[in-house]
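These are the residues of each chain, in order.
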Amino acid sequence: MEERYRVLAGPEAYLPPAAACMGIVLPDPGQAHIEGRIVPEEEAMEHVARKFLEAKVPIIYPGPLVLWNWNEKAAQKAKAIKILADTIPARIIPMPDYRPKYPKINPEVEINPNHPNLTIWHNKNDVCMFVGVHCHLANLSLKIIRAGTSCYTIAMCAQAGHEDAMVSFRDATAEKIMRLAEWVSKLKNGGIPQETVSGDGRHQKHS
Amino acid sequence: METKSLIGTLNKKGQKYVDPNYLFFEAPREASFMTGSEVIKEAIRRASVDLMVAYPITPQSEAAALIGELYAEGYVADYMRGESEFAVMSQCAGGAFGGARVFTTTAGPGTLRAFENFPMWVGARLPIQVIVTCRGINSPLSIQPDTLEMYFLLGTGMLVWHAETAQDFYDWILKGYIVAEQPDVHLPIAVCCDGFFVTHTKDTVMLTPPDMCLPPYDPYRSPVVCMDMESPPVRMMRDPFVMKSNYISYMTHASWQQETRAACERSRKHTVALIGDLIETEDLDAEILIVASGTAVAQGREAIRLLADEGIKVGLVKIKSLRPFPYHEIREATKNAKWIFIPEFNIIGWLAQEIKACIPNNERVIAGPHVAGGMTMPPEVIVERIQKTLGLLKGSILAGRGS
Numbered sequence: 001m002e003e004r005y006r007v008l009a010g011p012e013a014y015l016p017p018a019a020a021c022m023g024i025v026l027p028d029p030g031q032a033h034i035e036g037r038i039v040p041e042e043e044a045m046e047h048v049a050r051k052f053l054e055a056k057v058p059i060i061y062p063g064p065l066v067l068w069n070w071n072e073k074a075a076q077k078a079k080a081i082k083i084l085a086d087t088i089p090a091r092i093i094p095m096p097d098y099r100p101k102y103p104k105i106n107p108e109v110e111i112n113p114n115h116p117n118l119t120i121w122h123n124k125n126d127v128c129m130f131v132g133v134h135c136h137l138a139n140l141s142l143k144i145i146r147a148g149t150s151c152y153t154i155a156m157c158a159q160a161g162h163e164d165a166m167v168s169f170r171d172a173t174a175e176k177i178m179r180l181a182e183w184v185s186k187l188k189n190g191g192i193p194q195e196t197v198s199g200d201g202r203h204q205k206h207s
Numbered sequence: 001m002e003t004k005s006l007i008g009t010l011n012k013k014g015q016k017y018v019d020p021n022y023l024f025f026e027a028p029r030e031a032s033f034m035t036g037s038e039v040i041k042e043a044i045r046r047a048s049v050d051l052m053v054a055y056p057i058t059p060q061s062e063a064a065a066l067i068g069e070l071y072a073e074g075y076v077a078d079y080m081r082g083e084s085e086f087a088v089m090s091q092c093a094g095g096a097f098g099g100a101r102v103f104t105t106t107a108g109p110g111t112l113r114a115f116e117n118f119p120m121w122v123g124a125r126l127p128i129q130v131i132v133t134c135r136g137i138n139s140p141l142s143i144q145p146d147t148l149e150m151y152f153l154l155g156t157g158m159l160v161w162h163a164e165t166a167q168d169f170y171d172w173i174l175k176g177y178i179v180a181e182q183p184d185v186h187l188p189i190a191v192c193c194d195g196f197f198v199t200h201t202k203d204t205v206m207l208t209p210p211d212m213c214l215p216p217y218d219p220y221r222s223p224v225v226c227m228d229m230e231s232p233p234v235r236m237m238r239d240p241f242v243m244k245s246n247y248i249s250y251m252t253h254a255s256w257q258q259e260t261r262a263a264c265e266r267s268r269k270h271t272v273a274l275i276g277d278l279i280e281t282e283d284l285d286a287e288i289l290i291v292a293s294g295t296a297v298a299q300g301r302e303a304i305r306l307l308a309d310e311g312i313k314v315g316l317v318k319i320k321s322l323r324p325f326p327y328h329e330i331r332e333a334t335k336n337a338k339w340i341f342i343p344e345f346n347i348i349g350w351l352a353q354e355i356k357a358c359i360p361n362n363e364r365v366i367a368g369p370h371v372a373g374g375m376t377m378p379p380e381v382i383v384e385r386i387q388k389t390l391g392l393l394k395g396s397i398l399a400g401r402g403s
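Protein sequence lines correspond, in order, to chains A and B. Residue numbers for the first sequence follow the working numbering, beginning at 1 and rising by one. Residue numbers for the second sequence follow the working numbering, beginning at 1 and rising by one.
Extracted from the complex, chain A is given alone in its bound form:
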């Protein structure tokens, strides 16, 4: 029997497949996915909070949909992202636009969807979260990161989510981002229970 495909940190392959073409489906409202497995959103919140706290170099990559003050909701999300970054604490490196940057981007100050690996490698980034990036460009980045880096990717998507991230939320709002910050805060205050992964990909906690 063919083993179920799992969306894991890379480097995966010279050209890994799009996860959707390997049978990974997007979560329905109220759900998220962890490495391709559909879970209740709260389970993913806890998992992501732990990933951030265990990371050596956690980074949040906000895209144009939250970097620019399009409307009140964008501004609220931006504030929530700043609170989350301060709580972890994590660096914020923006994806201000999608323009190809030639001859080379400055990976200290920005990330680009067409060659996100440069920023990941340069900063030795091991856990990252995308938020406010147009879906197609986010999937492009997430797959390139999975191909060539060992970074653990998280997507906080305002639409339907991303199979190519190792964890994906959907229907992101400022409140949802704040809830994630609360999970980080809660785990920090209570210590981080150890987590192991069983053969079927399920994450189990041990105190």
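Bear in mind the hints are in silico, worked out from the structure with no lab data behind them. Please note that the accuracy of each hint is not assured.
[As the list claims (entries may be wrong)] Cut-off 30 Å, straight-line C-alpha distance, at most; resulting in silico cross-link-like pairs (BS3-like, lysine-lysine): (1) B:K356 <-> B:K313; (2) B:K269 <-> A:K73; (3) B:K335 <-> B:K269; (4) A:K176 <-> A:K188; (5) B:K356 <-> B:K388; (6) A:K73 <-> B:K356; (7) B:K16 <-> A:K176.
[Stated by the list, open to error] Distance ranges between label pairs, derived from CB positions: (8) B:A273 <-> A:G191: 56 to 66 Å; (9) B:K335 <-> A:N69: 51 to 61 Å; (10) B:N21 <-> A:S150: 50 to 60 Å; (11) A:K124 <-> B:L284: 47 to 57 Å; (12) A:K104 <-> B:D211: 53 to 63 Å.
The C-beta atom is built at its ideal place from N, Cα and C for all residues, glycine as well.
Given chain A's structure and the hints, the job is docking chain B onto it.
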């Protein structure tokens, strides 16, 4: 970016914007007897289309002209004629880049003349709907039904659905927009039918009320920026960012293509919610199956009836969506079949190739019968092919036809 919901409000023609699920599954329906071309017009009347670009080519010309009437009546916001099919599809791209819901129709050589634009629409994630009323594409000229052009569409990355009946056509034009415009899909869709058989024959179609319509397209849910000369996908066309000669540039291009194919896969769950499973089946316990799409399904149904009169039980698999292709569904539906017949209105048998590629023991697949160039496929031809394969018939009961 959120836009205010218009559901419950009226458009300038007095039509009420209604929830798509209400329109599809709950709104009252009234029987109407009309041609496939007229059905296209009635679907577009209810589709809140912003732009239709037209160009004449048989057998879609009548539908294209009828949409012009809708424009004159105020149901379609803008309407123009392109200089050629290539121009039409390019103009459709311009409209969709600008955030419009776009519709067009084409057929046969027109489809092929326009072809460069179809993978471009996909790469740019433009949810344009094109109706393809299939006809012959090769020399010598034939304006008659032939589904060879669909074979070429299968590799573009577009959603490709194949309607059997005018009712399919009516429902799928409206539902097609809703699937294609989902942010996780957001791809162009080709809703195809066999020209003349569907476009120029009358059938009873259950129509939704003319005073209800789909909510308008919301371009702010696009997975790419609407129109920005500095950013892909528009940037690709003036300064292809993937043409730099290095590994990561090529990798970006490959990943871009993969993402569009992934989007096609994602359409499954939205499609199933609206048009049901990607296949419809009857009598899967039969040892003999007919697997088909489009008009070949209708002919297959008649053949099954004729064979039943002779005591031969035959099951049916109707394929509704060719992209995404129902691999798993077909594997499951055909697992008990000893013979799988694939009647097609084209000479190469592309559907048989697809099915052979996705099932075990594919020597069970009998690629045919085939007709092309405008030939009809009498059900007796399918019956004869099945009987001959089973060793029940010597010679041909149809070879002398027309002599």
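Here is what the structure says about each hint:
no. : hint                          : in the structure
1   : B:K356 <-> B:K313             : holds (23 Å)
2   : B:K269 <-> A:K73              : holds (29 Å)
3   : B:K335 <-> B:K269             : holds (23 Å)
4   : A:K176 <-> A:K188             : holds (19 Å)
5   : B:K356 <-> B:K388             : holds (21 Å)
6   : A:K73 <-> B:K356              : violated (51 Å)
7   : B:K16 <-> A:K176              : violated (34 Å)
8   : B:A273 <-> A:G191: 56 to 66 Å : violated (44 Å)
9   : B:K335 <-> A:N69: 51 to 61 Å  : holds (57 Å)
10  : B:N21 <-> A:S150: 50 to 60 Å  : violated (43 Å)
11  : A:K124 <-> B:L284: 47 to 57 Å : holds (56 Å)
12  : A:K104 <-> B:D211: 53 to 63 Å : holds (58 Å)
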